[in-house]
Structures are given as C-alpha cells and as structure tokens.
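Visitor: Those sequence lines, one after another, are chains A and B.
Position one of the first sequence corresponds to residue 10 (the working numbering), numbered consecutively onward.
Position one of the second sequence corresponds to residue 10 (the working numbering), numbered consecutively onward.
By construction, these hints were calculated from the structure, which means they are not laboratory data.
Be a bit skeptical, because a hint or two may be false.
For lysine to aspartate or glutamate, the following EDC-like pairs were computed, each having C-alpha atoms within a straight-line distance of at most 20 angstroms [as the list claims (entries may be wrong)]: (1) A:LYS216 with B:GLU156; (2) A:LYS189 with A:GLU202; (3) A:LYS189 with B:GLU156.
Values in this document were obtained by computation on a predicted structure and should not be read as measured data.
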Amino acid sequence: MSIIIEPFAAPQKKANRLKTSSLNNKLVNSYWSDVFGAREQGRKVCWYEGVAINPLMQAADMAWVHGEAWSALLAARNGEASSQAAAENGAYMKELCSYARTSIGCSLVANNRSGEASGASFSDALNTGTLAENCPAPDMLISAYPYCSTGQQWDEALFRLFGKKVPIFNISVPWVWGNKKDAVYLGGSEFKEATAYMVRQLKECIKFIEEQTGKPYNWDRLYEIMAYTKKAGQLRMEAMELCRVKPAPASFFDWTTSLAPVNFVPGGPEIVDYFEQVKAEIQERIALGVGAVPNEKYRLFWDGIMNWNKIGWLANKFAGWDASMVAGRYTHMGFWHEYESINAKDPLEGMAINYLVCPINLSAPLMIEEIIKLCRYYEIDGVVLHAARTCRAFSNPQYLIAEAVGKRLGLPVAMFEGDMVDESFYKDEIVNSRVEAMLEAIESRKRMRAA
Amino acid sequence: MSIETLFATLEQAAEKPLESARAWKQAHGTRVVGSFPMHFPGELAHAAGALPVILQENHDPITVGHGMIYPFYCGYTRSVVDQVCKGDYDFLDAIMFGDHCVQVLGAADVVRAKLPGTRVHFYQLISSMSDPWSLGRARETFLNLKEGLEEMIGHTIDDEAIRASIKLFNRNRQLLRELYDLRRSGAAHISAKQMQLAVKSSMVMDKAAHNALLETLIGEIEARAATAPAGVRLYLSGHFCQAPKVGVLDMIESCGAIVVDDDLYHGQRFISTDVEEAGDPLDALAGWYLQRNLKVPCPTRVDQNADWDGYLLDAMKRSNAQGMVVLMAKFCEPHMYYYPLIKKAFEQRNVPHLLIETEHELTALEGLRTRVETFVEVVKRRSSTRRAAA
Ligand code: SF4
Ligand code: SF4
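Throw the hints in and build the complete structure from the sequences for me.
Guide: Below, the structure written as structure tokens:
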C-alpha cells in the first residue's frame, strides 16, 4: 500500500463565482446553435483566428468560428481529446500551439466528412460529446493574428488542409515595437502608421467579404454593432475597475468566463445587457462587502493566457489560499478595453487600435508599464505567471515582467507551466509549491513592513 | 592556399563569428550591425558602411540565459538570449531585424532590455507573401530600415552605394551556388560540413573578403581532379535560423551517405536568389524578398503560390537524391506546421525520408547514428528495388 502525502494541499474553500456567469453560458450556447445552423439558412461560415474581427462578419450576415474560442469551448466542456488525437495522427506535434492543434484536428475531421456542414445541431453534438466531430466547416478563412507567427501559420495550415479550396484572407498585424523615440502606449508616429496600415487592410478585408457573400457591405449595420460593442466594452471595464475595493467582488477567473460577449458573441443589445447585469452584481456585492473569495488575504495578478481546462479548479484552489486573483493581463489588457478610441460612426480606426494593443501585441517595455499600472491600481501583493507551454506569444515576456514587478514594485512572483487546452502540461504539485513560496514571501514582506 | 587552409579560414569565421566581427571592427573601424535570421537583407547595412552580421547560435551551454527564457524554446532563441545575458553582443553598434517568428520576438525583447545603450530596431517584414500589397509593404519596410540606418550614420545612403552592395552580395551568392553545382554534379567532393562553413562564414564576414576566398577556393577545387564520392545520395532539408551541428552532419556522412543538396538556411535557402542590380534598389530588394520564397519556399512565410512539399520532391529529383533527411530544430513551430504536409507528400510518392529533431545540447548522437544507419539501408534497398523494377 502506498501512502499519498499532499504537503501543499490547499484547504477546501470555494470561490464565490459571479451568478451572472450563467447568463454568459446562455449567450454562448445560443451563439453556437446559430453557427451550427448557419449553412442551412444559406449563410456563409468563416473560420478566423486572432483579434475580434467578428463585427466585420456580423454586418455581412455571416456566421463565424473563432478558432481559439472554439478550442477553449471544447476544453471547457471536456471535448478536446478527439480533435487533438486526430491532429496527432496527422503528424502535428505536441509542441505546437494546442489551440491550433485542436482546430486543425477539427479540420481533419471535417475533411473526412468532405467539408460538409456538420449535419448535427449544437445541442445534439453537445449532448453526445461530439462537438469536435461536428464543427461546421468553413466557406472562407480570415487570419488576423497579432504578434504571433504561429497564428498566421495555423490559418495557412487550415488553408492547405482544405485543399486550397477555401479562400483565405490575411491581415498582417504589425507588432508595436517602437523604434522611434516618440513611441508611447497608443501614441507615436509608428503607432499611427501601424493604425493606418491596419485600417487599409480592414477595408480590403471588407472587399473580400463582399466578394464572398456576393452582397454589398452593410456599413450601417457595422456602425450599429460597434455601438453595442463599445458600450459592452465600457461596461466591462467599469465593472472590472470597481473591483479595486477590498475584498474584490470578482476575480480574474470570473472575467475569463465573461470574455465571450466581448470576443465572439454577436454585438447587440444582449451583450450590453449582460455587462449591465454583471456590473449591477458587482455593485451589489460591494454594498454587501462580499468578495470573490470567502476570506481575501492576498491580492494577486495573473499574467498569461487562461488554462481553460482548469478555470473552476484554479478559482477554488486560490480561494483555498485566501488569495483573490484580482486582475490579469489577458482580461484587463484586451477585448475592447480601449473602447474610448471607437467612433461607432466610423469604427475602423478604433477597431484597429484595439487590435494593435491586445494583450500580446505590445513589446515588453510598453506592456510592462501597463501591467505596473494595473498592479498599483488594484493593490496587488504578488504576480502569478502562467507559462503556457504551447503559447510562446504569452510566455515570451514573462521573465522581463517578473523582473520588472520585482524590482519596481517589490512584488514576489510564482511562475509555473500549464497550457491553454492541453492538460498534460499542467503539474499540480509544482503549482502548489511555487504559489506557497510566493505567499510565504508576501507574508514576510508584510511582517517586515509591520516591524 | 590549399583547399584545407581555405576551409580552415572559413571555419574560423563561421565558428567564432563574434570574435571575427570584433576583429574586423578593430582593424577597419567599421560599425557592426547584427541581425536575426532569416529574410533580412544585409545589403543596406553594408551600403551604410557597416559590417552586417547574422547572429548565430553558438555551442556554449545555456547558463545565465536560463533566467530569461523558458526551456521550451528553440535552440536558436535560447542561445541568443544566453549570449546577450553574457555580454557577448556588447560590441555591436546596432541590431536590426525584420522576421517575426514568435520565438525570435521573445528573444528580441530580452536583447533590447539587456542592451539599453544599443539601437535594437525592428522592421517587420510582411510574412503574407501573396497579397496584392505584399510587394509595396516590403518596400516600405526596407525604406524604414534605410532611414533607420541613415539616422545611425548621420547621413543619407545613396542609391549607387546600395547598388554596389547588391552587386557584391550577388557575386557572393553566385560563387556559393557554383560550389553547390560542383558538389551536385559530382565534380567535387565537398562535405556537408564544408558546405555549411562556406555559407555560414558568408553570413558573418565582410563580403569582399569572403568573395576573394571563394574565388580562390573554387579555382583550387576545379584544378584538383576529384573522384566522384560514393554513397547513398541524401538531401538535407529544414533547420532554419540555426546551423545544424557539424557533429550531426559528419555523423550522417559517416553512415555510408553523401549529402548532395539541401534547402537549409545555412545552405541553399540563404543563397538562392539574387537582387536586381539595375533600377530602384528598394524595389529590387522588395522584389528579391518575394521571389526568394518562390525559389525556396519558407515555412515562416505564408504564400499561396509556393508549396514546400512539392518543391522538395522536385529538388530531390534535380539533385538525383535517393532519400531526404529532415532536420528539425526542436520546438520550431513553423517547421512543425509544414512537416505533416511533407510527410504525406513523401509517403504518397514513396520517397524515403527520416525526421531528426535536434537540440542545442548535442546529446544522444549514438542513438541517432543507429537511426541514420537503418535509414541508409532502407534507402539502398528501395533504390535497388526501383532499379530492378525499371
Ligand atoms: S501560440 Fe498563443 S498566440 Fe499564438 S496562435 Fe497559439 S494561442 Fe494564439
Ligand atoms: S523559425 Fe524556428 S528556428 Fe527560427 S526562431 Fe523560429 S522557432 Fe526558432
């Protein structure tokens, strides 16, 4: 008989998740149900990767499958295994971006059905555990990947796997690096040029969409959609900013489950309503003094992409340590967070700006300044860096971030490996020991301050 | 100079590139501009009077670099981070680069952070090659680079100077291609290691000096009667930013094989395409950038008009190769995306290939040897069955 010792096992406490999250599930399910039925209604389906260009497609009455969102959905609903296995059988190696592998696996499966529409409804596929097998095949591909070369190559792989028969459009997103001395966040001559270049490409992309749908583009519809998107973006930012209070009423984990409405759910009154309700719940919690964790002792910042197989697990795990994950790069530095720059009557420039400053597309010095601002604003005690093994885009600047928050704010960090949708890279014992060490460092810092 | 001495000179530069660049700087007082692989032209930096040097993976164990980059990165980026952390790049006047493989971008941020006094500039080359604006965008990028260089040297670079550099670089590529022709035809026995030294030294040496060495070398090789080397004819494919370890190349050729051709970055990929010498030099460089990918398709670009798998099958035929060894740097994502297509195409045509993953740390060479020996046997058997069937 073996004895299993768990020296670092966190005490069993549960995160106090936002109730409005269940509304998010409804929005997500109805969105996917619509996508699954799109072809039957004569609408075109576009697979796309990268930044949230879905408003461009929505205005043209198309349906869209965001590869990352789809892979995350599969992982969150335990349905990723079959497509990942299909990719592996096709010689796509485990070190490749797991989102891409999952999506490529779906394309291999879709190819086996000769690229036909899935034939299943979303609810049937969900209930029978065959989501991956039934992802609706694309009529076109659009690649709009910021920073990460892997994203663009993933789309090219799909293009080739579909026998070069599905038309593809590439938007090249320039990295915000800053050669010139005037380079600042959202400003400087290079940023201006990059924005103009993006706008040019978005216009070209709209022409491509017109060609594919055979219909003139509905600009008025786009303005309408962007007005809702801007409002939703604003409400979300306001709700997050309210979480500065102690205890923080919602956590990074809540905000990750609230991304769909600002990432791929159609822009309309529903997404505005959703964030209104979220904000109201936050206000209510503040009034009652309710926190995202039952007993907030530490306030943490999450750097890196989400580990979708583990959201609930991690939320509870940190609650067990009395640690509230108050903010994160992924949630707070992207997804229409620069809503103020959007002019709903002429939205392309504002869209371009939001795409350019998404959470991976800033070079380290600019990104670090934004992270430091957030750490100060939310009075963070320590930074957790989730090194997604197959997402180097997110992992790239993490040593520099760790160094900067240590030197400039005196914050301890915990770095551990995980992944977006491949569970096998996550090692619970390592997470436990790294986080415990960080919490210990926070404690000793507090003791020193008190002395 | 004997062939051996000439290769020894090339080896000196190829294996100790920073030392050799530093010595050049001291001797000639020129600036040294480092760049990352794989598509960035050195011509403009040369026209600005600087020595362009493509920064190389070195052979030192990664030590301090561990504190700045995760272990799940390709050997090239880990080695670059390690070198900058050790202060190896301190003597460079600037680092200018244009490729955006996500891993190299991670390294670039560390490089800039560790060299606060150095100009570390990024001029992002469009990697989507078949868009109507690809050519125009590439030209805009080269114009920005030119302006960045002009700012560094404090005066403009005239078109004549760029054209002269283009000519010199074209000559270099032509001479290296002559070496390839000599090897492919069997007129000369040039080992895989020697070929690598010739190309790699070109990435780090002054071009005029390199041309002079190559001219002498080719003369010597042509003068020496060679017996066509025997062995299974292999094609080497892959391995981008970093040169395959010489130990691996030697091992392959010690298993009864000869390498007859390649599409390695430290090989044909680097020298495949010349730049138009007449006309507007920035137009010419932009044109070169796009044509290059049609000549030898690169998996770090997306190009609807190029197929790497088809290119490789044709290239093997052209060089009369019997089998292909794919050298893949571990964690190299561009390569991992395209390998499945190659595997499928080769299996469908029944052309044998062997995948070898390489790491910065050269371990398990003996295990690899067994795999290569088995592969060479398979190729031999298949070739003789084919001959019998023909
Ligand atoms: S590696 Fe990360 S950023 Fe790149 S495509 Fe995959 S998930 Fe996206
Ligand atoms: S292309 Fe491959 S070898 Fe080059 S930096 Fe990227 S991952 Fe490394």
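Visitor: Next step is simple, just say for each hint if it's right about the structure.
Guide: Evaluated hints:
At roughly 33 angstroms between alpha-carbon atoms, LYS216 of chain A and GLU156 of chain B are farther apart than 20 angstroms, so this suggested pair is violated. Distance hint between LYS189 of chain A and GLU202 of chain A is fulfilled; the C-alpha atoms sit about 12 angstroms from each other, no more than 20 angstroms. Restraint check for LYS189 of chain A and GLU156 of chain B: satisfied, since their Cα atoms lie roughly 11 angstroms apart, inside the 20 angstroms limit.
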